[in-house]
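**Student:** Take the given structure of chain A and dock chain B to it, following the hints.
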Amino acid sequence: MSSFFSIIATFTVPEQVGVTPYSMLWLLPLVAAIATVYKTTKLPKIKAGYFIKEVTVLFGSIVVFMLIAALVLYVMAWFITE
Amino acid sequence: MATRPKESHALFLFTVGLLAWCVPGAGHFILKEKKHAIIIFVTIVLAFCIGIYIGSIGVINPVGAKPWYVAQLMNSPIVMVLGHLVMTGDYPVYGRPNEIGQIYTSIAGLLNLLCIVNAVYWAYLRKTELVGV
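Those sequence lines, one after another, are chains A and B.
Just so we're aligned, residue 57 is where the first sequence starts under this note's numbering, counting upward by one.
Just so we're aligned, residue 4 is where the second sequence starts under this note's numbering, counting upward by one.
With the rest of the complex left out, here is chain A (with noise of 0.2 Å):
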C-alpha cells in the first residue's frame, strides 16, 4: 500500500527538466503517441506488422520535418544575429 501512495506522490512533484538540448529529446515519446493514434483512426483493420510499419513511417516523417525545420530557424537566426 505504501509503495502505491508513492507512485502517486510523484505525480504531485514536478521532476527536474533543465534548459538542455537535451529536454528537446521529450518530443519524442509524444511524436510517437500521436503517430500511433493517428494510424488507428485510419486504418480500419489493424494488422501487426502493416500498423507498425505506417506508425514508423510516419513517425519518421514528423521527426524529419521537425529536423528541417529547426534547421531552417537555427540559419535564419544566425544571419540575423551575425
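Honestly, the hints are just simulated from the structure, not real lab data.
Any given hint could be a false lead.
[What the hints assert, rightly or not] Derived DEER-like restraints, expressed as beta-carbon distance ranges:
1) A:Y130 with B:K37: 18 to 26 Å
2) B:L49 with A:A65: 16 to 24 Å
3) A:M122 with B:I33: 34 to 42 Å
4) A:G116 with B:E10: 42 to 50 Å
5) A:L127 with B:L21: 38 to 46 Å
Every residue, glycine too, gets a C-beta built ideally from N, C-alpha and C.
**Tutor:** Quick look at chain B alone, frame taken from chain A:
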C-alpha cells in the same frame, strides 16, 4: 433488417461520444473494435500520465492556463476533479516541467477528441450501411 428510429440512433451516437470521452477508446470498444480501443486507451493514458509525471498535477490549471485546460479536459471528466484539486494552489509548477507537462496532457486530450469524432463517425457509417442510405 429492422431500422432503428432516428431518435434512438442519435442517442446511440451520443452514447458512443460520451463513452469515448469518459474513457479513451471506449467508443471504439462498444463498436467492437477491440484492437483500436486498446491501442487508443494505452497511448492516450500513457501520454497523459507522462505529462502529469513530468509536471505534476499542477499542470492542470483551470484558472491560470484556461486554453490548455480546455484541451486537457478532452482526456476525460476526471481532469475536472484534478483541476478542482489544483485550484487549492498546493501544486505549483513552473518552467520547463510546466511547459512539457502541459504540452503532453493537452496533446493527449486533443488526440482523444480525434478518437471521439472518429468513433462517432464510424457509428454513423455503420447505421447508414445497415439502412442502405
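**Student:** Give a verdict on every hint.
**Tutor:** Hints, verified against the model:
1. A:Y130 with B:K37: 18 to 26 Å: violated (45 Å)
2. B:L49 with A:A65: 16 to 24 Å: holds (19 Å)
3. A:M122 with B:I33: 34 to 42 Å: holds (36 Å)
4. A:G116 with B:E10: 42 to 50 Å: Because 47 Å falls inside the window, the suggested range holds.
5. A:L127 with B:L21: 38 to 46 Å: holds (44 Å)
Violated hint: 1 only; the structure is consistent with all others.
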